[in-house]
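Colleague: Next come the chains, spelled out residue by residue.
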Amino acid sequence: MANSRQESGFQIRRIWSDERARSALFQILVVLGLALLVAFFVANTMANLQARGMEPGFGFLQDPAFFEINQNLIEYASTSTFGRALVVGLLNTLLVSAAGIISATVIGFLAGVFRLSNNWLVGRLIGVYVEFTRNVPVLLQIIFWWSILTGLPKVADSLSIGNSLFLNNRGVRMPAPILENGFGWVALAFLLGVFASYLVGRWARRRHMATGQPFPMLWVGLGLVVLPPLLLFVALGQPLDWDIPEKTRFNFRGGFNITPELVALWWALTTYTGAFISEIVRAGILSVSKGQSEAAHALGLRPGLTMRKIIIPQAMRVIIPPLTSQYLNLTKNSSLAIAIGYQDLVSIGNTVLNQSGQAIEVVGIWMVVYLSLSLGTSAFMNWYNSHIALVER
Amino acid sequence: MKSVKYLAAAIVAAATIGGASISHAATLDDVRAAGALKCGINTGLPGFAYTDDSGNWTGFDAAFCRAVAAAVFGDGNKVQFVNLTGANRFPALASGEIDLLSRNTTWTFSRDVDLAFTFVGVNYYDGQGFIGRKSLGVKSAKELDGASVCIQTGTTTELNLADFFRVNNIKFEPVPIETNEEARVAYLADRCDVYTTDASGLAATKTTFENADAHMVFPEIISKEPLGPLVRQGDDQWADVARWTLNVLINAEEYGVTQANVAEMAKGTNNPEINRMLGSEGSLGEMLGLQKDWAANVIKAVGNYGEIFDRFLGPNTALALDRGQNALYTKGGLLYAPPMR
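Keeping their order, the protein sequence lines are chains A and B. Position 38 of the first sequence, counting from 1, maps to 38 under the numbering used here, and the rest follow consecutively. With positions in the second sequence counted from 1, the corresponding number in the numbering used here is that position plus 393.
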């Protein structure tokens with residue numbers, strides 16, 4: 001080793017003939033070029049901003065926003081800051097994304113399983129659903145559902161259920177719970193029930209592994225989670241009241257409202273992404289070799305149990321990685337909200353950008369937020385994937 | 394590593410110089426070199442910016458673009474119209490995508506100072522109003538407690554509305570909308586009880602309703618909305634071209650110079666003010682870096698302010714707006730242009 005190094009000395013020509021040195025040189029050049037390109041863009045932007053007398057920085061987030069937002073999960077008034085307005089937008093994005101991911105997964109799994117059904121009609125109907133929603137731009141679907149929802153009866157002719165839940169073209173207005181003294185105990189009992197059923201579940205699984213004895217976990221768990229809080233609720237004299245919506249001159253007042261924008265966006269994202277997920281699930285199921293289900297049948301397992309215990313667990317390993325990218329797509333597609341006026345991060349950011357003039361900062365915030373959301377989702381899904389991956393012994 | 398730093402520093406320096414020289418370029422020269430004025434207008438607002446039967450953009454705001462093009466090129470058709478929403482108009486102007494913004498934009502302190510634009514004057518004195526169905530039975534905007542209000546995002550009206558409801562201690566549900574056309578759809582679908590924007594915009598939108606009589610613009614005006622054209626800050630010569638084009642339109646009305654008689658008057662009259670303006674005396678055009686007959690070209694292309702107003706907004710149009718505050722100061726209005734001297 002020492003000898004050869006001495007021999008090679010320090011000759012420039014050697015760099016070209018030595019493969020390792022050559023590849024290192026090219027890599028350094030590429031990194032240098034990239035750094036210079038970035039430096040050029042940053043410097044050019046700063047120079048242009050300065051020339052226009054615009055102050056870059058995030059100080060504007062402390063300034064009052066002076067505009068209203070129609071769906072705020074946290075306290076917000078028009079005198080709140082731009083920063084708070086953006087947080088309200090972020091929460092609205094998270095709400096529709098989380099709800100969309102859950103419902104798209106349910107619909108996707110059901111559609112994927114049923115598409116393989118032996119029932120000709122069911123299989124074909126699911127096929128029509130998948131091919132139609134998958135091949136129409138999601139933006140059009142969002143606008144389509146929004147037009148359907150705004151075509152519902154007007155406020156004056158709202159459809160109502162029991163005079164407390166109202167449906168009209170401005171959304172679903174429903175009673176809101178008012179928590180009274182003592183409700184905290186009920187909530188605590190619920191949480192304890194969840195924890196207890198988790199412990200029982202672990203014990204039951206171990207016993208099942210050891211002895212083969214099945215345990216009616218569903219019923220026991222449900223009992224633990226529902227019964228104690230329910231009894232406590234009655235014992236404490238039902239510490240819960242309802243804020244029932246009332247008709248006023250223009251709208252309903254009280255209760256809470258789910259806007260048609262939220263429903264249209266959520267449903268369009270759900271059906272669109274659900275169609276892709278169903279194809280992923282179908283592929284996953286078909287990837288499990290036929291011998292597995294034949295072996296299960298030979299052991300006398302019923303078809304439902306075969307699906308649940310044999311096919312799906314093996315299919316999940318194929319399903320999870322592409323499923324992750326569907327979740328990321330759904331979250332990113334939620335920014336199409338702006339087309340129908342759902343006030344998500346992009347929509348509110350647009351207003352902030354326009355009222356404050358801080359375009360680069362707001363676009364920067366958008367990119368960082370969506371990047372973090374995506375990386376967070378992938379990190380979780382990768383963890384889940386390694387959790388259920390085939391353990392090789 | 395050291396040489397990397399030097400190289401980076403050199404590139405940064407070059408970029409700084411390059412960037413600075415780009416942003417300070419004379420807009421007038423750029424416009425001449427491009428052969429057409431890039432002018433930002435609305436995406437569609439009857440009376441102000443709309444397409445005529447042959448597909449050309451026209452209207453009150455578009456006419457101002459043509460006036461400036463006529464001042465620069467002597468030809469009011471050398472305009473490249475760029476349609477912009479309330480939200481993307483300012484980035485378009487700031488980034489140099491357009492040379493002039495003529496899109497019913499309110500002159501405010503923060504837009505002038507903080508966003509670094511220069512408003513070249515006011516060509517329409519407006520105020521924010523509401524339109525609603527007559528069947529609501531509402532007489533004043535203060536009765537709108539609990540109503541859903543359609544509103545264009547990124548506008549001054551959005552801010553005024555929040556102020557108005559806060560000050561009067563009433564609540565509303567905002568229904569945010571990007572463009573006037575989307576607002577029209579949402580309002581007609583009864584997604585909102587009232588739609589609020591500049592009163593002129595309401596009159597314009599109302600003309601497109603199938604059953605216009607069922608709707609009314611409330612008499613109440615809740616804000617000052619002086620609308621005017623604007624340019625980027627920092628190029629005074631270009632701002633002067635736009636500002637004095639607007640002044641020519643107003644002065645021409647005051648002096649009785651019209652599209653019909655401008656050719657005759659440009660030969661010389663017994664009014665020295667008209668002569669200086671139209672170029673038969675003095676050298677105002679050269680001072681501005683334009684042709685001697687620049688102002689005459691403006692009037693030839695689009696007519697004077699009064700003619701433009703009558704053609705697109707006046708009583709003989711569907712909008713049927715009164716001159717009101719937009720009459721000349723000699724007729725009880727607010728329009729007053731500095732002298733051509």
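To be clear, the hints were calculated from the coordinates, so they are not data collected in a lab. It is possible that some hints are incorrect.
Stated by the list, open to error - Straight-line Cα separation of at most 25 Å, DMTMM-like style, residue types lysine to aspartate or glutamate; simulated pairs:
(1) A:Lys154 - B:Asp423
(2) B:Lys535 - B:Asp583
(3) A:Lys154 - B:Glu575
(4) B:Lys564 - A:Glu75
(5) B:Lys431 - B:Asp686
(6) A:Lys247 - B:Asp538
(7) B:Lys471 - B:Glu536
(8) A:Lys332 - B:Asp686
(9) B:Lys564 - A:Asp157
(10) A:Lys154 - B:Glu536
(11) A:Lys154 - B:Glu603
(12) A:Lys154 - B:Asp703
(13) B:Lys535 - A:Glu361
(14) B:Lys693 - B:Asp507
(15) B:Lys564 - A:Asp63
(16) B:Lys532 - A:Glu75
(17) A:Lys154 - B:Glu574
(18) A:Lys247 - B:Asp628
(19) A:Lys247 - B:Glu566
(20) B:Lys599 - B:Asp507
(21) B:Lys564 - A:Asp18
(22) B:Lys599 - B:Asp628
(23) B:Lys685 - B:Asp423
(24) B:Lys724 - B:Glu647
(25) B:Lys471 - B:Asp703
(26) A:Lys154 - B:Asp606
(27) A:Lys154 - B:Glu566
(28) B:Lys527 - A:Glu246
(29) B:Lys617 - A:Asp63
(30) B:Lys532 - A:Glu131
(31) B:Lys471 - B:Asp628
(32) A:Lys247 - B:Asp583
(33) B:Lys617 - B:Asp507
(34) B:Lys564 - A:Glu131
(35) B:Lys527 - A:Asp157
Stated by the list, open to error - Going by beta-carbon spacing under 7 Å, a handful of chain B positions derived as facing chain A:
(36) Glu551
(37) Asn553
(38) Asp586
(39) Asp686
(40) Ala711
No experiment lies behind these values; they were computed from the predicted model shown. The beta carbon of each residue, even a glycine, is placed where N, CA and C say it ideally should be.
Colleague: Now, for every hint given, state plainly whether the structure supports it.
Modeller: A quick look at each hint next to the structure:
1. A:Lys154 - B:Asp423: violated, 53 Å
2. B:Lys535 - B:Asp583: At roughly 20 Å apart (the allowed maximum being 25 Å), Asp583 of chain B and Lys535 of chain B satisfy the hint.
3. A:Lys154 - B:Glu575: holds, 19 Å
4. B:Lys564 - A:Glu75: OK: Lys564 of chain B and Glu75 of chain A at ~15 Å, within 25 Å.
5. B:Lys431 - B:Asp686: With a Cα-Cα distance of about 22 Å, the restraint between Lys431 of chain B and Asp686 of chain B holds, given a limit of 25 Å.
6. A:Lys247 - B:Asp538: Satisfied, since the Cα-Cα distance of roughly 13 Å is no more than 25 Å.
7. B:Lys471 - B:Glu536: Distance ~48 Å between Lys471 of chain B and Glu536 of chain B Cα, so the pair is violated.
8. A:Lys332 - B:Asp686: violated, 55 Å
9. B:Lys564 - A:Asp157: Given that 25 Å is the threshold and the Cα spacing comes to 23 Å, the pair holds.
10. A:Lys154 - B:Glu536: The given pair, whose Cα atoms are some 20 Å apart, holds under the 25 Å limit.
11. A:Lys154 - B:Glu603: Cα-Cα ~19 Å, so holds.
12. A:Lys154 - B:Asp703: Roughly 39 Å between the alpha carbons, so the hint for Lys154 of chain A and Asp703 of chain B is violated.
13. B:Lys535 - A:Glu361: It is violated: about 37 Å lies between the C-alpha atoms, which goes past 25 Å.
14. B:Lys693 - B:Asp507: Between Lys693 of chain B and Asp507 of chain B the Cα gap is close to 37 Å, so the pair fails against 25 Å, i.e. violated.
15. B:Lys564 - A:Asp63: Measuring from Cα to Cα gives roughly 22 Å; hence the hint holds.
16. B:Lys532 - A:Glu75: violated, 32 Å
17. A:Lys154 - B:Glu574: At roughly 21 Å apart (the allowed maximum being 25 Å), Glu574 of chain B and Lys154 of chain A satisfy the hint.
18. A:Lys247 - B:Asp628: violated, 56 Å
19. A:Lys247 - B:Glu566: Holds - the C-alpha atoms of Glu566 of chain B and Lys247 of chain A are around 15 Å apart, at most 25 Å.
20. B:Lys599 - B:Asp507: violated, 34 Å
21. B:Lys564 - A:Asp18: violated, 75 Å
22. B:Lys599 - B:Asp628: violated, 39 Å
23. B:Lys685 - B:Asp423: holds, 20 Å
24. B:Lys724 - B:Glu647: holds, 10 Å
25. B:Lys471 - B:Asp703: Holds. Lys471 of chain B to Asp703 of chain B sits at ~23 Å (cutoff 25 Å).
26. A:Lys154 - B:Asp606: Distance ~20 Å between Lys154 of chain A and Asp606 of chain B Cα, so the pair holds.
27. A:Lys154 - B:Glu566: holds, 16 Å
28. B:Lys527 - A:Glu246: holds, 23 Å
29. B:Lys617 - A:Asp63: holds, 23 Å
30. B:Lys532 - A:Glu131: With Cα atoms ~52 Å apart, Lys532 of chain B and Glu131 of chain A exceed 25 Å; violated.
31. B:Lys471 - B:Asp628: Answer holds: Lys471 of chain B to Asp628 of chain B is near 21 Å, not above 25 Å.
32. A:Lys247 - B:Asp583: With a Cα-Cα distance of about 16 Å, the restraint between Lys247 of chain A and Asp583 of chain B holds, given a limit of 25 Å.
33. B:Lys617 - B:Asp507: Cα-Cα ~19 Å, so holds.
34. B:Lys564 - A:Glu131: Violated, because 45 Å separates the two Cα atoms, which is more than 25 Å.
35. B:Lys527 - A:Asp157: holds, 18 Å
36. Glu551: Status holds, d = 5 Å.
37. Asn553: violated, 9 Å
38. Asp586: holds, 5 Å
39. Asp686: Since the shortest Cβ distance to chain A is 34 Å, the answer is violated.
40. Ala711: violated, 27 Å
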